[in-house]
Amino acid sequence: MKVILEHLTKKFPSRNRKSKEEVIAVNDFNFEIPDGKLIGLLGPSGCGKSTTLNLICGLQMPTGGKILFGDDDVTNLPPENRGVGMVFQNYALYPHLTVEQNIIFPLQNLKGADKLTKEQMKQKAAEAARLVQIDHLMERKPNELSGGQQQRVAIARALVKIPRVLLLDEPLSNLDARLRLQTREEIRRIQQETKITTIFVTHDQEEAMSISDMIVVMKDGVVMQIGAPQDVYDDPTNLFVAKFLGTPPINVFEGEIKGGKLLIGGQEVLSVPGAADQEVYAGVRPEGFILDPEGPLSCRLNRVEVMGRDISVISQHDAAPGVMIRSIISAENQVDTTGAEVRFSLKPYKTHIFNKATEERVRFDIA
Amino acid sequence: MENNNRKGWLYLLPAILFLGVFMVYPLVDVFVYSFEEGYNSASQTFFGTGGYNYSYVLRDPYFLQALKNTLILVAITVPLSTGIALLISVLLNSIEKLRDFFQTVFFLPYVTNTLAVGLVFMILFKKTPYSDGLVNLIIQFFGAKGVDFIDGPYAAKMFVLCFYTIWIVMPFKILILTSALASVDQGLYNAAKVDGTSRLRIFTRITLPMISPMIFYLVITGFIGAFKAYSDAVAIFGTNLNAAEMNTIVGYVYDMLYGDSGGYPSYASAAAIILFAIVLTITVINLLVSRRHVHYS
Amino acid sequence: MGNQLEYELIEKKARQRQRIRRIITYVFLAFWAVMVLFPFYWMVLTSIKSYSAYNSEYIPKFYTLSPTLQNYVDAFTAVPLARYFLNTLIFTVATTVLMMIVIVLAAFAFARLNFKGKNFVFVLFLSLMMIPNELVIITNFVTITNLDLRNTFLGLILPSVTSVFYIYLLKENFEQIPDNLYYAAKVDGTSDFRYLWRVMIPISRPTLITITILKVIECWNSYVWPRLITDDENYFLVSNGIQEIRENGFGRENIPAMMAAVVVISVPLIVLFLIFRKKIMAGVARGGLKG
Numbered sequence: 006m007k008v009i010l011e012h013l014t015k016k017f018p019s020r021n022r023k024s025k026e027e028v029i030a031v032n033d034f035n036f037e038i039p040d041g042k043l044i045g046l047l048g049p050s051g052c053g054k055s056t057t058l059n060l061i062c063g064l065q066m067p068t069g070g071k072i073l074f075g076d077d078d079v080t081n082l083p084p085e086n087r088g089v090g091m092v093f094q095n096y097a098l099y100p101h102l103t104v105e106q107n108i109i110f111p112l113q114n115l116k117g118a119d120k121l122t123k124e125q126m127k128q129k130a131a132e133a134a135r136l137v138q139i140d141h142l143m144e145r146k147p148n149e150l151s152g153g154q155q156q157r158v159a160i161a162r163a164l165v166k167i168p169r170v171l172l173l174d175e176p177l178s179n180l181d182a183r184l185r186l187q188t189r190e191e192i193r194r195i196q197q198e199t200k201i202t203t204i205f206v207t208h209d210q211e212e213a214m215s216i217s218d219m220i221v222v223m224k225d226g227v228v229m230q231i232g233a234p235q236d237v238y239d240d241p242t243n244l245f246v247a248k249f250l251g252t253p254p255i256n257v258f259e260g261e262i263k264g265g266k267l268l269i270g271g272q273e274v275l276s277v278p279g280a281a282d283q284e285v286y287a288g289v290r291p292e293g294f295i296l297d298p299e300g301p302l303s304c305r306l307n308r309v310e311v312m313g314r315d316i317s318v319i320s321q322h323d324a325a326p327g328v329m330i331r332s333i334i335s336a337e338n339q340v341d342t343t344g345a346e347v348r349f350s351l352k353p354y355k356t357h358i359f360n361k362a363t364e365e366r367v368r369f370d371i372a
Numbered sequence: 318m319e320n321n322n323r324k325g326w327l328y329l330l331p332a333i334l335f336l337g338v339f340m341v342y343p344l345v346d347v348f349v350y351s352f353e354e355g356y357n358s359a360s361q362t363f364f365g366t367g368g369y370n371y372s373y374v375l376r377d378p379y380f381l382q383a384l385k386n387t388l389i390l391v392a393i394t395v396p397l398s399t400g401i402a403l404l405i406s407v408l409l410n411s412i413e414k415l416r417d418f419f420q421t422v423f424f425l426p427y428v429t430n431t432l433a434v435g436l437v438f439m440i441l442f443k444k445t446p447y448s449d450g451l452v453n454l455i456i457q458f459f460g461a462k463g464v465d466f467i468d469g470p471y472a473a474k475m476f477v478l479c480f481y482t483i484w485i486v487m488p489f490k491i492l493i494l495t496s497a498l499a500s501v502d503q504g505l506y507n508a509a510k511v512d513g514t515s516r517l518r519i520f521t522r523i524t525l526p527m528i529s530p531m532i533f534y535l536v537i538t539g540f541i542g543a544f545k546a547y548s549d550a551v552a553i554f555g556t557n558l559n560a561a562e563m564n565t566i567v568g569y570v571y572d573m574l575y576g577d578s579g580g581y582p583s584y585a586s587a588a589a590i591i592l593f594a595i596v597l598t599i600t601v602i603n604l605l606v607s608r609r610h611v612h613y614s
Numbered sequence: 015m016g017n018q019l020e021y022e023l024i025e026k027k028a029r030q031r032q033r034i035r036r037i038i039t040y041v042f043l044a045f046w047a048v049m050v051l052f053p054f055y056w057m058v059l060t061s062i063k064s065y066s067a068y069n070s071e072y073i074p075k076f077y078t079l080s081p082t083l084q085n086y087v088d089a090f091t092a093v094p095l096a097r098y099f100l101n102t103l104i105f106t107v108a109t110t111v112l113m114m115i116v117i118v119l120a121a122f123a124f125a126r127l128n129f130k131g132k133n134f135v136f137v138l139f140l141s142l143m144m145i146p147n148e149l150v151i152i153t154n155f156v157t158i159t160n161l162d163l164r165n166t167f168l169g170l171i172l173p174s175v176t177s178v179f180y181i182y183l184l185k186e187n188f189e190q191i192p193d194n195l196y197y198a199a200k201v202d203g204t205s206d207f208r209y210l211w212r213v214m215i216p217i218s219r220p221t222l223i224t225i226t227i228l229k230v231i232e233c234w235n236s237y238v239w240p241r242l243i244t245d246d247e248n249y250f251l252v253s254n255g256i257q258e259i260r261e262n263g264f265g266r267e268n269i270p271a272m273m274a275a276v277v278v279i280s281v282p283l284i285v286l287f288l289i290f291r292k293k294i295m296a297g298v299a300r301g302g303l304k305g
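In order, the protein sequence lines correspond to chains A, B and C.
In my numbering, each number is its position in the first sequence, counted from 1, plus 5.
In my numbering, each number is its position in the second sequence, counted from 1, plus 317.
In my numbering, each number is its position in the third sequence, counted from 1, plus 14.
Calculated from the structure, these hints are not laboratory results.
All values derive from a computational prediction rather than experimental measurement.
All C-beta atoms in this analysis are idealised placements derived from N, C-alpha and C, irrespective of residue type, glycine included.
It is possible that part of the hints are untrue.
To be verified - Examples of chain C residues lying across from chain B (beta carbon under 8 Å, computed):
#1 Tyr72
#2 Ile73
#3 Leu127
#4 Asp206
#5 Ile279
Model the full structure from these sequences, guided by the hints.
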């Protein structure tokens, strides 16, 4: 099912009675989600991603714009008529019902022609349970399950009706690190098996990057960028997106462009043909540094961390005050740790430049 | 440590003293009384021991009337007050505007003097030579015949008593149920809504099971409280409850103890122990039933 | 596009249903609010109608154009309402203060001190919580009578100056206070009693206030024990007083004057409630049971 969001907007009346200012949780969201894809809604907490999810499933109604499932306008439809499945952050399993009863619960709501017999329900529940591999836990109560198992029950319950759209709210945030890795692969597998259009919300960029077909980066209710994870990472449209994606994070220097050259600390470090003169931030991905004794960027060496395959060189620079510059280079390089200085040259396609005032991307021609 | 031992008991001494004199000793004593036959409170003598007091009480028409009244009162007020309180609490939980106001108003009967407000109920329901009373006038307005609720037929009197009892116990039940409802995880409701669950089904399959421990608590305390009904009856019908046919078991106990019909602590003790046995039995039955129907998280 | 029409219908229906539900909700809640408030309104209204006006209204009026305070004057002069009031005040204050002392000491012993037999006594205390008042009141009546304490404040007060439930509540609260505070105080040479007075009581103030309020409500409304133990009007509390007024007061059926007395009796607790609304409701929810 294709999901289309047109100018989707949600405003809340101000919490503070004195100020009449409204809180804009989602502002003019436009996106056409292709059928059968896994979409990650990504952003820091309070950016409106959960509100967006609630608008799509119908728990909240938008103050403006439209939501379409395929050709159907579902904007103001109550949730029960939308045919969505949802997995909640704390799973919202019914504590007094067994796993099987939990999974069957949505099926018992079907009315009229869709009504199922008891056997059909049991069979469907068994199928859903098998898909998420919990078919051996059917008689347990939720509080007898581990976090990961509860998560699977919640997914099975959301899938059992074969929803038009599957929504997951921070599906991994309540799991420990090891389970998180495992479960996110699981979500990917289930999504590919069922081919249900799936939207999930997360504040963890790594999580979103690793399994999504497309990610949407949001900030303060505004969509910053939409695209395939690698495209967004390689080609961020603004400083926020560049900073938000990637571990270790991008290294940001203050600098300026003069006559087609990027200057950091007054030093010419990169040729940027086609970019106008202006004050800028220059973001360099950790993997964008080349260890080069003759390189133009000179940093004060702080320490070197050896991580097997890679070496992480940690240094400081006056144009990046107060932060450590972390560069990752192949372990085949030898770093002279005796000196106080380390010199780099920069990879142009790993260096992203942003206007200092607007923080929007400044593009240049890569030779 | 020896020093601390003495200190500990010293701090406890007042409590132990008071509880010993006014709770533990009476508890033993009440059983003793109940088996002392022909106790004379003036001379403090008795001429035998045995179960006569119990058989007397159980054959006393006043006791049987009181037992009947109490059972009817329990059977009507416990389910009705719990049910209405549940309805009000659910409604309260579904609104935001005026919620505080309603909660405050609904709690008012809890802080009123039962005897004092009972008097107001009496004048609302009573027929006097000057006026038929407001309630009767309303009944007549709708074309029915009025009835004296205070000195009239049994059913009418019982109605007023039940009505007033429910009015009095409602605040506590509403308070407990609204806080129980508020503590149900909102996520469960959202999950059910997204799955297209009807309101009725959300209520019966999620809300009720989730608050069942509190409902159960209210049913048990409701039973116990209703079995001990007394001052509500006095408030409406006056102290001579036997004459009004509106006595309760507790009222019977006090009447046996004191007042015009008093001076029989042995009968009073026997009646009190019978009451205690009934309440205990009902509570045990309640506990057994609840095992199967109450969900504890 | 047929789908779309159907959707609009569903939307409309859903909105309509919600509006109807909301209206029914408010109507019902308002109905119950009237049921609760009406007796209060009626007693205030009746209390300011004059005796003759009240008795001449075969169909009682829902308002009065000539309010009078005469009934309040009558209530305080024709019957010893002020006496009842004062008695109740003395009874309430004395009982509450004594009880607070007893339960604070007991809760402190259970929560903070270690001594032989503590757990045993505590279990014993807890089991006393299940004993209904009706069972012990008979012997207490005889005891107080034998001690010649009928028609005295002592006789009224003594049986209700301990509450196992409040000891339990307070002990739980005291145990929340971290042990380190106690050890720190010990190192500084603070005596147990001083520690209780200067540290535990201030920290547990909210709970102590809650208990005080609940006890005050209980005392103000107590009826059964005072009725058993007093037959001298000079020792009547308000509950007995109102019963006395009802049966013998004012010489005749002076309902407006009775209602004035009822208002006077009800006002203190209602004012207390409106001031401490949140505290009282939270306290009652934690386990206060009427009766």
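Exercise. Per the CB criterion, is C:Ile73 less than 8 Å away from chain B?
Worked result: With a closest approach of 6 Å, the C:Ile73 hint holds.
For this session: Would you settle whether the hint for C:Ile279 is holds or violated, based on the nearest Cβ-Cβ distance to chain B being less than 8 Å?
Result: At about 5 Å, which falls below the 8 Å cut-off, the nearest Cβ of chain B leaves the hint on C:Ile279 intact, so it holds.
Problem set entry | Hinted contact C:Asp206 with chain B - closest CB pair below 8 Å | The hint holds - C:Asp206 has a Cβ within 8 Å of chain B, the shortest such distance being about 7 Å.
Problem set entry | Restraint outcome when C:Tyr72 is required to lie within 8 Å of chain B by C-beta distance | The hint holds - C:Tyr72 has a Cβ within 8 Å of chain B, the shortest such distance being about 5 Å.
Problem set entry | Interface hint status, C:Leu127 versus chain B (Cβ within 8 Å) | holds (4 Å)
This entry satisfies every hint, going by the numbered hints stated previously.
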